[in-house]
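Going down the list, the protein sequences come from chains A and B.
Per my numbering, the first sequence starts with residue 1, numbered consecutively.
Per my numbering, the second sequence starts with residue 268, numbered consecutively.
Careful: at least some of the hints might be erroneous.
[As the list claims (entries may be wrong)] Pulled a few chain A residues facing chain B out of the computed Cβ check, cut under 8 Å: (1) K2; (2) F8; (3) A14; (4) L16; (5) T86; (6) N89; (7) A91; (8) Y92; (9) C95; (10) P97; (11) R260.
[Said to hold, decoys possible] Computed footprint of chain A on chain B; a stretch qualifies when at least three of its residues, placed anywhere within it, have a C-beta under 8 Å from a C-beta of chain A: (12) 354-362; (13) 366-373.
Don't read these hints as lab results, they were simulated from the structure.
C-beta atoms are modelled at their ideal positions from N, C-alpha and C, and glycine is treated no differently.
Here is what each chain is made of, one letter per residue.
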Amino acid sequence: MKKYLSFFRIRFTAGLQYRAAAWAGIATQFAWGGMTILMYWAFYQNGGNSFPMTFPELSSYIWMQQAFLAMFMAWFFDNEIFESITSGNIAYELCRPCDIYTMWFTKNMAIRLSRMMLRCLPILLVSAFLPAPFNITLPSDWLSGILFLISVILGFLVLISFSMLIYISAFYTISPMGIRILATSVTEFFAGAIIPIPFFPEAVQPIMYALPFASMQNTPFLIYTGHIGGIEALQSIALQIVWFAVLLTVGRILMRRALRKVVVQGG
Amino acid sequence: MIELKNINKTFKVAKRNAGFSEAVKALFKKEYTYIHALQDVSFTIGDGEMVGYIGPNGAGKSSTIKIMSGILTPDSGECIINGRTPWKDRISHVKDIGVVFGQRSQLWWDVPVIDSFELIRDIYKVEDTEYKKTLSRLIELLNISEIVRTPARQLSLGQRMRCEIAASLLHGPKILFLDEPTIGLDAVSKIAVREFIKTINRENKTTVILTTHDMQDIEALTERILMIGKGRILLDGSLTELKTRNSTHKTLTVDYSGEKLPVSEHMTVAKDMGGHAEIIIDTAFLTVSQAISHISSMVEVKDISVTGETVDEMVVSLYKEFEI
Numbered sequence: 001m002k003k004y005l006s007f008f009r010i011r012f013t014a015g016l017q018y019r020a021a022a023w024a025g026i027a028t029q030f031a032w033g034g035m036t037i038l039m040y041w042a043f044y045q046n047g048g049n050s051f052p053m054t055f056p057e058l059s060s061y062i063w064m065q066q067a068f069l070a071m072f073m074a075w076f077f078d079n080e081i082f083e084s085i086t087s088g089n090i091a092y093e094l095c096r097p098c099d100i101y102t103m104w105f106t107k108n109m110a111i112r113l114s115r116m117m118l119r120c121l122p123i124l125l126v127s128a129f130l131p132a133p134f135n136i137t138l139p140s141d142w143l144s145g146i147l148f149l150i151s152v153i154l155g156f157l158v159l160i161s162f163s164m165l166i167y168i169s170a171f172y173t174i175s176p177m178g179i180r181i182l183a184t185s186v187t188e189f190f191a192g193a194i195i196p197i198p199f200f201p202e203a204v205q206p207i208m209y210a211l212p213f214a215s216m217q218n219t220p221f222l223i224y225t226g227h228i229g230g231i232e233a234l235q236s237i238a239l240q241i242v243w244f245a246v247l248l249t250v251g252r253i254l255m256r257r258a259l260r261k262v263v264v265q266g267g
Numbered sequence: 268m269i270e271l272k273n274i275n276k277t278f279k280v281a282k283r284n285a286g287f288s289e290a291v292k293a294l295f296k297k298e299y300t301y302i303h304a305l306q307d308v309s310f311t312i313g314d315g316e317m318v319g320y321i322g323p324n325g326a327g328k329s330s331t332i333k334i335m336s337g338i339l340t341p342d343s344g345e346c347i348i349n350g351r352t353p354w355k356d357r358i359s360h361v362k363d364i365g366v367v368f369g370q371r372s373q374l375w376w377d378v379p380v381i382d383s384f385e386l387i388r389d390i391y392k393v394e395d396t397e398y399k400k401t402l403s404r405l406i407e408l409l410n411i412s413e414i415v416r417t418p419a420r421q422l423s424l425g426q427r428m429r430c431e432i433a434a435s436l437l438h439g440p441k442i443l444f445l446d447e448p449t450i451g452l453d454a455v456s457k458i459a460v461r462e463f464i465k466t467i468n469r470e471n472k473t474t475v476i477l478t479t480h481d482m483q484d485i486e487a488l489t490e491r492i493l494m495i496g497k498g499r500i501l502l503d504g505s506l507t508e509l510k511t512r513n514s515t516h517k518t519l520t521v522d523y524s525g526e527k528l529p530v531s532e533h534m535t536v537a538k539d540m541g542g543h544a545e546i547i548i549d550t551a552f553l554t555v556s557q558a559i560s561h562i563s564s565m566v567e568v569k570d571i572s573v574t575g576e577t578v579d580e581m582v583v584s585l586y587k588e589f590e591i
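The task is simple: from the sequences and hints, build the whole structure.
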């Protein structure tokens, strides 16, 4: 366990040194979050009553999304991992007394968390002091706060175990680009990163909620904003656990099979 | 103890001819050829031995190293290293070995080298006191105290390679695989690396297996060589054995005063430019000293040098001998 912790630490501290990138990220995310909220505001001005989320709920949802972007962005992949597979540098990682799946999982967690740490506080702070109803508000009660914390961790694990499948696909295809683009678009769409899932037609919503993508950012943010709560929240968390277990098992099996037939390229 | 028995490995390689129409055709039907990277490779290496593993590009050197380090699974055959099969028992096997791939890097490029070292210490669960002892010794032997605090990306190739070698030895492996450790290094770094390898082999009794294209590495380091060509072991023996076995020719380069160099039987003039000549002598019939005394009795010699067949030339001649 200690070796994975050290591995986490070295990637985490390395991630913290990219400060200029963090400032640029914060600026972009403010602009993006502000733009999105104003766009919804325009819609809400004209018959907001028929919308599935209240406007303060939506504001909180958008700002949470921006604050935790680094944790849940589906389009982010660690190129070092792809490179190590396509260039054969994985040879060194295979020479270590480590489980590669756990190592890559830890690495992804470290990179995403270090980025999130640098960005989330300024965004949360500033957006909390924006005038209502454009600001982020605290969860309605402490119970949904706790459920949110549990759910955000689980969502994070679901997302990483899903992106592990994309990394592993690089063992089977020479260029992982195609699968990457496809997976990114599908994830962003079905995870509620573009439009929150409650805004989708009611007929497709049950299907969307059942898919693993909804267990990523959708569940924690909806719990936070108070859109789902009580039994419904617990059910969603249970579903997150199920998806995490499934994706983790599938990923581990695929990884073991990939390593058995691995051909280290070059040299 | 390393034992390989009848190891075979075949790679499937996609092939197509050049041109657009061929590329389109390949979309529908791919043609594959099979490359026999290793055929019936067997050898045994004892503890504490230092072995040079040589052969041209694509001969199967790296594949063998990868099999021995548990990265690659062979199609058939047996490989037992310290009682374990590398690809079946990968995690416990790799604790005992250190690997340096000269063309790759194991240091994390954006953090200081010392951070990478500490991570490796944690990965291999090296005791702290043990780690400090090994580290200070490696730093001293490889002369890297000045550079361990620098991020790996800012090191020169020679500096980086010394750090790579140190990184592979932090956990005190019993076996060290060096895959082209001196590739691209300048003369000074090469000598430093060679000296270090010698010391480690002598003092720690580390078994060293070294692949290289640099014949000076082989001459400076190893007594025993294994030669591989087109996936098969061609020769297993000492360097001197290889030399005497193949080298029946020596070249004499002579600077002399006079018009033309007179030669006797079993001597052929490769070139003579009047004052500077290269003569090839057949050592099966004529010793070098006989040839020199013959020449110096006929002309006044200003300078003379003897070169044997280089190991590269021997490899080429072995290829001819084995018809591959």
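Status of the hints after comparison with the structure:
1. K2: Constraint on K2(A) satisfied, holds at 6 Å.
2. F8: violated (10 Å)
3. A14: holds (5 Å)
4. L16: violated (11 Å)
5. T86: violated (13 Å)
6. N89: Holds, about 5 Å.
7. A91: holds (5 Å)
8. Y92: Hint holds; Y92(A) Cβ to chain B Cβ min 4 Å, cut 8 Å.
9. C95: holds (5 Å)
10. P97: holds (5 Å)
11. R260: R260(A) check passes; min Cβ-Cβ to chain B is 6 Å, inside 8 Å.
12. 354-362: holds (count 5)
13. 366-373: Answer holds; 6 residues pass the 8 Å Cβ test.
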